[in-house]
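Which chain is which? The protein sequence lines are F and S, in order.
So this note's numbering is basically just the index in the first sequence, starting at one, shifted up by 1128.
So this note's numbering is basically just the index in the second sequence, starting at one, shifted up by 206.
Incorrect hints may have been included.
The following label-pair restraints were derived from C-beta to C-beta distances [as the list claims (entries may be wrong)]:
| no. | chain 1 | residue 1 | chain 2 | residue 2 | range |
| --- | --- | --- | --- | --- | --- |
| 1 | F | Asn1237 | S | Val342 | 37 to 47 Å |
| 2 | F | His1144 | S | Leu224 | 38 to 48 Å |
| 3 | S | Lys336 | F | Gln1397 | 51 to 61 Å |
| 4 | S | Val349 | F | Ser1322 | 51 to 61 Å |
| 5 | F | Met1249 | S | Leu224 | 47 to 57 Å |
| 6 | S | Ile300 | F | Thr1311 | 49 to 59 Å |
| 7 | F | Lys1248 | S | Leu398 | 31 to 41 Å |
| 8 | F | Arg1346 | S | Ser220 | 22 to 32 Å |
For the record, the hints were derived by calculation from the structure and aren't laboratory data.
Glycine included, C-beta positions come from ideal geometry on N, C-alpha and C.
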Amino acid sequence: MRTIENIVEFKNVSKHFKDFSLENINLQIKQGLVTGFVGANGAGKSTTMKLMMNLLQADEGEIKVFGKHYANNEKEIKERIGFVYDSNVFYENLNLKDIRKIIAPAYKNWSDKQFYDYIKMFELPLNKAVKTFSKGMQMKTSLALALSHDAEFIMMDEPTAGLDPVFRRELLDILKELMTDATRTLFFSTHITSDLERIADNITFIQGGKILFNESIRDVQERYALVKGNANVLNQTIENSFISVERSSNEFQALTNNAEEVREALGDQVVMEEVTLEDIMYYAKGARKQNV
Amino acid sequence: MFNLIRKDLVIQKSQILLFIPFIMFFAIFGDHMSPFFIFLITSLYIPLNGYIYDEQVESNILLNSLPYRRKEIVAAKYIGSVVYMFLSIVIASIILYLFNFDFTLQDIAIATGLFFLFTAIAFPFFYILKPGYVGVAALIGMVVFAVVLPPALRFLAEHLTAITEFITSLSTATLYLSGAVISISLFLISWLVSQTIYQRKVL
């Protein structure tokens, strides 16, 4: 079998709603890696994931999953995806036994053994209605169901949201464990950026319906920097390499995605600091221009 | 497909336990009711409940994330409703028979025809309506159906004598046959309509 490098590929995808649009999205999710999907609330994360699952159809552009289009391969593609959504999508009056009855026969590769192993590991009750579950238990439920059919691509929308710190770490450990299988690919959205720094290889950053960057976490840390200094060193050329600038009396603070150039131009006149993803999120939100 | 049809039973498990007492209630207290109406209500019980339970959660997201096509999801509802209608009528017949409730095959035929008519009208709405309204809509639909239909037929019988004369001139066989053809055709058209609506639905 030919190895596919890009598990998911978006080419110039746009989707328009009345009050929001995704514009010209280009996105690749690489096989065998953990890709974190970050962006503020309302930036377009859920819409992108719905497009990925074919719950929404793009207005323009092309979407391929496992190198295939949904049009003729919908079932085959979905057989190979495990999904976790941020809200409970399972019939809440049912217990896990009954939910298994609905989900299991949908997949050719379903393994009861795997399912019951996860149930045991997550200490989930089989005979209690899902609506009585805590947020953490619901997340474990989704995860157990997503992992029991040998999915190659696992897509999770905000899996860590609303979880307590202890379980959040546990979850990240479980995910790490999963990734020891090199054929597996994980894509998850979050706005808790410390999660990403813990397990992600790649970061996809979305802002106002546009992808700001889609690259390895190391590249992001090399390219981006926080620049601080006296406002009188600023000029048009320098400002062009900033994503956003914040001025206060005669000081400035800026985010650049071109740390090297700024360092060459300004050298000792400014202080350069490493950025966290949170810094990028914060400054990018206030960006006057998006020249990435 | 079979799994999607079975799903409608699994999700209303607690309601299914009430199904037989529900029919028995009619068998005991419904002696003033037309048997066809009892058959109609029992045949709609499982399909309507299926829709009501389905919209209580984001089942559209779930079902569409599983390896199913939207066409299949709609097809399962239509085929499933016929299967459940058939089973319900069999069960209702047995119960009514055991309770010495008189009914004829004619009652079953009329109920089946009305079942197709009702579902043909109601199902497409279930795909249009916002979540949370299917139960209410089904209930209102049933009441309107039960309240409006008899006077409407009476009105037709009294005022459009040409039509009634034409109908009475038909033999019983032709009458039933054409009734069956019309209601089943409407059901099939409704299926196509629902499928088109659901294909375009934003989830």
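Comparing the hints with the structure gives:
1. Our hint of 37 to 47 Å for Asn1237 (chain F) and Val342 (chain S) holds, since their Cβ atoms are close to 40 Å apart.
2. For His1144 (chain F) and Leu224 (chain S), the Cβ-Cβ distance of about 46 Å falls inside the hinted range of 38 to 48 Å, so the restraint holds.
3. Take Lys336 (chain S) and Gln1397 (chain F): their Cβ atoms lie about 59 Å apart, and the range 51 to 61 Å holds.
4. Checked against the given bound of 51 to 61 Å, the beta carbons of Val349 (chain S) and Ser1322 (chain F), roughly 56 Å apart, stay inside it.
5. In this structure the supplied range 47 to 57 Å is violated for Met1249 (chain F) paired with Leu224 (chain S), their Cβ-Cβ distance being about 37 Å.
6. Between Ile300 (chain S) and Thr1311 (chain F) the CB atoms are about 54 Å apart, so this pair conforms to the stated range of 49 to 59 Å.
7. Between Lys1248 (chain F) and Leu398 (chain S) the beta carbon distance is about 47 Å. The supplied range of 31 to 41 Å is therefore violated.
8. The beta-carbon spacing between Arg1346 (chain F) and Ser220 (chain S), approximately 54 Å, falls outside the hinted interval of 22 to 32 Å.
Violated hints, in rising order: 5, 7 and 8; the structure is consistent with all others.
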